[in-house]
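Protein chains: 2
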Amino acid sequence: MVQFLSTENPDFEAAFSALLSAKREDSPDVDAIVAGIIADVRARGDAAVIELTAKFDRLDLSPDRLAFSAAEIDAACAAVPAAEREALELAAARIRAYHERQMPADARWTDASGAELGWRWTPVEAAGLYVPGGLASYPSSVLMNAIPAAVAGVERLAICAPTPGGQVNPLVLLAARLSGVDTVYRIGGAQAVAAMAYGTETIGAVDKITGPGNAFVAAAKRRVFGKVGIDMIAGPSEILVIADRDNDPDWLAIDLLSQAEHDESAQSILITDDAEFGRAVAAAVETRLDTLERRAIAAASWRDFGAVITVRDLGEAAALSDRIAPEHLELCVADPEALSARIRHAGAIFLGAWTPEAIGDYAGGPNHVLPTARSARFSSGLSVMDFLKRTTLARMSPGALAAIGPAAETLAMSESLEAHGLSVRARLDRLNRGGA
Amino acid sequence: MVQFLSTENPDFEAAFSALLSAKREDSPDVDAIVAGIIADVRARGDAAVIELTAKFDRLDLSPDRLAFSAAEIDAACAAVPAAEREALELAAARIRAYHERQMPADARWTDASGAELGWRWTPVEAAGLYVPGGLASYPSSVLMNAIPAAVAGVERLAICAPTPGGQVNPLVLLAARLSGVDTVYRIGGAQAVAAMAYGTETIGAVDKITGPGNAFVAAAKRRVFGKVGIDMIAGPSEILVIADRDNDPDWLAIDLLSQAEHDESAQSILITDDAEFGRAVAAAVETRLDTLERRAIAAASWRDFGAVITVRDLGEAAALSDRIAPEHLELCVADPEALSARIRHAGAIFLGAWTPEAIGDYAGGPNHVLPTARSARFSSGLSVMDFLKRTTLARMSPGALAAIGPAAETLAMSESLEAHGLSVRARLDRLNRGGA
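Protein sequences appear in the order of chains A and B. Counting along the first sequence from 1, when you hit position 117 you're at 117 in my numbering, and nothing is skipped either side. Counting along the second sequence from 1, when you hit position 335 you're at 335 in my numbering, and nothing is skipped either side.
Be aware that one or more of the hints could be misleading.
Treat identical chains as interchangeable: a pair holds within one or across any two.
The list that follows gives simulated cross-link-like pairs (lysine to aspartate or glutamate, EDC-like), each with its CA atoms no further than 20 Å apart [said to hold, decoys possible]:
| id | residue 1 | residue 2 |
| --- | --- | --- |
| 1 | Lys55 | Glu100 |
| 2 | Lys227 | Glu125 |
| 3 | Lys227 | Glu25 |
| 4 | Lys227 | Asp322 |
| 5 | Lys227 | Asp26 |
| 6 | Lys23 | Glu264 |
| 7 | Lys55 | Glu264 |
| 8 | Lys55 | Asp31 |
Calculated directly from the structure, the hints in this document are not laboratory data.
Pulled out of the complex, with its shape left as it was, chain A reads as follows:
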């Protein structure tokens, strides 16, 4: 039975706080194991990667078989049925079009002092994308990680995707090809992250590593952070649906389940201003659970972390939403734009009942890699910005230095950084001698 809360209930604040702070995921402490794996890969390169793959993935590789060959990728792509291929192509085109609009502009200007200022953006040279194996081997994640990198202009894009027992999802290879990925390695775990961060004889080191993974992969990404850039460490998926009574309870029930089915630790919450409608949605969830393939997972998530919250009005809903800072937020209300304007913290907003969250997972265009666990308060989903970096530019004319330099010298001396001050003073002295 899912939890029902109401802001009219005197114990609401305690119940809502408990919902917010529920520990949904127990990360096993694998840090020591991961540290050993990384050290091994750094010391022994390919040999370590091959041994660890034999051990963890029951797969015997040689250096020349670490990567899929072009012929293997060709064969896998050819094996994908037309409907799936066309769906992937449509998704890839839409994701590319959306992310192309994210490219930031360079800037350059001259200010009143005569100083030329600005910045410019450049792509990282090489990026590595981790794709989990087995059940969580999602071709859509390949598109969502690799296409922003390709749009940013990353020259070398590699994927590491473990193939336990040799099993591979052909759609993953097709998604890689559609995204412009150069090389797909059939390795996984902390050893794959270490190989991408430090390089081996066969595997080129990259500058940035993104993509989801299990506790070993997450711990490895944390460890190599600094040596390379990483994306976020994603937690279990979340959806918040804010809905008025003028909705089909079944639509919202299935939307809530679309996140609950990901993981027993996922969290699905409905906020509504109509208690009776909330009960109708909860009933529809139970009906859908009867037949859902992944009902064991979805039912556990809904029972343990789901909630139906009744509020007095949509203003209350917006305020609660900002406290949740949801990864995914559906606004199924008469005026979703107006409600959206009152929301500040959310990874992605889906406006109106004709926009199920699943559209955003695959083919809407925006990225599906989004901040979880309330981190939408301070972070954003994956974008082309994750594969770009900014260099600031400054050029002083002698006149600009004359205008700005004395302040810099004063501040340097006040911070007891004499050489900083002298580097300005030496030039100002030349100017005072008429030497520009």
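Position chain B relative to chain A; hints supplied.
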């Protein structure tokens, strides 16, 4: 004696690699101590912060004295001499003007399918800025961290600045006031980071923590990352100067020393296409070192990590620069714009000999918080973006869902995520029944 390298020397590659990989900083492993401090502050709040401040900063506080009072800040600001005040005001105005240009634009469009897509940016609600105590208590860092936050629209800005033995730098308090900081707490170390991340009875929790600090502060920031956002973990400062012979060796010598004086672990490198000019700069460094206040620090940095590299031409210089990926890069050559265009990885570029790096530390306008330790390959300096986050927006019309939905359903089913597929299917079925 500083190290001399030449690309014409057969052992250049080995020497250059050694220079790149020199371990310049030994971070003491304080993680266990920091974990204990964070747990203590979470459990006991103000009481723990006060006890730890008495212990580490020899300062007795009470909850009502954790923050400076308005009267204390007024008095400190009034004590700042006019020259320093005016310099700070000029720097603040220039930094604000530069960062105001960084504000990214929201976007919204309707594509050919009828789908409305876009994104919008919102500021984090509260940010906390760490300012080290003692010698490294730099008012310029207050401006560089707080002004981008204020420009981004952060409503609540707090500073934690330890005051060992009660000593405070009045310029820090003036810089805080000029930057729009609401509250300055006289606490530091891991306890300050814990208090900002989790809040205490007196200190409000923030969403993002930025600013430099010692090993305890760095370890604490790593630990609270995820609960709040953090900026980078900065390493020792670096400068690379690329110069032709048509420069005053003394100018470049003092520029190299302006980073060397920061820290014995700092790194200053000159690349030139004229070996004789390189020796002249090295000689000028020695001359300047004779009289520099911080000569002990600067000489150690220059001796242990400095280098003068002779190259055949500026193309080689650009290639080596990208391998260094310097925090600060000065281009003192005839055509700095042309050389800049060949550079890809650098935190900040200073164009032409009239632009000493120190201008950028104080009053140029760009931020002085920049990526170190080769991380300019994948990351950027501090900016207003660090205090903003993006929410993606999507709105499907029934027609857009009809166009895009089948692909999403196909992909969901191929990933065995049935509820994802059903959430689209339920709506498509309504459409097929004419129910839009």
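Outcome of the hint check:
For the identical chains of this complex, Lys55 and Glu100 are neighbours neither inside a copy (41 Å) nor across copies (54 Å), given an alpha-carbon limit of 20 Å. Taking identical chains as interchangeable, the C-alpha atoms of Lys227 and Glu125 lie at most 20 Å apart only when both belong to the same chain, with a minimum of 14 Å there against 30 Å between chains. Only between protomers do Lys227 and Glu25 lie at most 20 Å apart by alpha-carbon distance; the minimum there is 14 Å, versus 27 Å within a single protomer. In the homo-oligomer, the alpha carbons of Lys227 and Asp322 lie at most 20 Å apart only across protomers (16 Å), although the nearest pairing inside one protomer, at 34 Å, exceeds that limit.
Proximity of Lys227 and Asp26 under a CA criterion of 20 Å is satisfied inter-copy only: 15 Å between copies versus 27 Å inside one chain copy. For the homomeric pair Lys23 and Glu264, the shortest alpha-carbon distance inside one copy (12 Å) is at most 20 Å, but the shortest distance between copies (44 Å) is not. Proximity of Lys55 and Glu264 under a CA criterion of 20 Å is satisfied in neither setting, with 28 Å inside one chain copy and 45 Å between copies. When the C-alpha separation of Lys55 and Asp31 is checked against a cutoff of 20 Å, the pair qualifies only within one copy, where the shortest distance is 18 Å, while the shortest distance between copies is 32 Å.
The structure does not agree with the numbered hints 1, 7 stated previously, though it agrees with the rest.
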